[in-house]
Structure formats: C-alpha cells, structure tokens
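Construct the complete structure from the given sequences, taking the supplied hints into account.
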Amino acid sequence: MHQQSQDNVEQYKSFKEFYPFYLSQHQNLWCRRFHYLGSTIAIAFIIAAFYFSNGWFLLYALLAGYGCAWVGHFFFEKNRPATFSYPIYSFIGDWKMFFNKIFNIKS
3 MHQQSQDNVE QYKSFKEFYP FYLSQHQNLW CRRFHYLGST IAIAFIIAAF
53 YFSNGWFLLY ALLAGYGCAW VGHFFFEKNR PATFSYPIYS FIGDWKMFFN
103 KIFNIKS
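The sequence shown begins at 3 in my numbering and counts up by one.
Be aware that a few hints might be false.
Here are the computed lysine-lysine pairs in the DSS-like style, where the Cα-Cα straight-line distance is at most 25 Å [claimed, not checked]:
(1) 15 / 108
(2) 98 / 108
(3) 18 / 103
(4) 98 / 80
(5) 98 / 18
(6) 15 / 98
(7) 108 / 18
(8) 103 / 80
No wet-lab data here; the hints were simulated from the structure.
Here you go:
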C-alpha cells in the first residue's frame, strides 16, 4: 500500500491512496471552514489577476489560501499541515475537498 521512509513520513503512491489521510487531518469543522475561506479568497484573487492583468494577485491568492488553511490547522485542528510533507497531493486535496463541499459530494 504505502511505505515508510527514513524520516518517518509515509510515502503515498497515488493521490487516491493519500486522500483518506488528508481527510483525517481535517476533522475539525473550523479547520475545514478556514480552508474553504482561503480557497474562496484565492479564487477571487486569481480572477482579479486576470481582470487587472496584475500577477501580484497570484501571490496574494497563494498567501490567502495557505494562510487561512494554516490558521485552521494550528489553532483548531492542532496538527501539522499536510502541505509540509506532501505539497502537491495536499494542494490537490484542498481543491477536491473545496469542490466536494460546494457540490455536496461525500468524500
């Protein structure tokens, strides 16, 4: 299934294998709400970047998205964000969790 690396971080072979772990790190309602807030603000900044032809808004999108998510983890979930160990999978997981919430899809 997955193997243990030397630094004691599990190595997932696919996103499908990783996603249940990702969800287990987001059990607190307020943590998830901060993720949704950050994703919503990020979308607004991405739209602004194209509308105003200003790349700085893309930086703001990243700061808002990750900033809100990390607040949720540090203050509510009380765990270490998965993005520190799995940056790509956790980025995908955040958007999957966000769109599943918007479209009322059970994970």
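A quick look at each hint next to the structure:
1. Annotation: proposed proximity of residue 15 to residue 108 holds, straight-line Cα distance about 23 Å (limit 25 Å).
2. Distance restraint check for residue 98 and residue 108: the Cα-Cα separation of roughly 11 Å lies within the 25 Å cut-off, and the hinted pair is therefore satisfied.
3. With a CA separation close to 18 Å, the supplied pair residue 18 and residue 103 stays within the 25 Å bound.
4. Under the criterion of a C-alpha separation no larger than 25 Å, the hint pairing residue 98 with residue 80 is consistent with the structure, at around 22 Å.
5. Taking the CA atoms of residue 98 and residue 18, the gap is about 11 Å. The hint holds against a cut of 25 Å.
6. Restraint check for residue 15 and residue 98: satisfied, since their Cα atoms lie roughly 18 Å apart, inside the 25 Å limit.
7. This hinted pair checks out: residue 108 and residue 18 have alpha carbons roughly 15 Å apart, not beyond 25 Å.
8. For the proposed pair residue 103 and residue 80, the alpha carbon gap of about 22 Å is at most 25 Å, so the pair holds.
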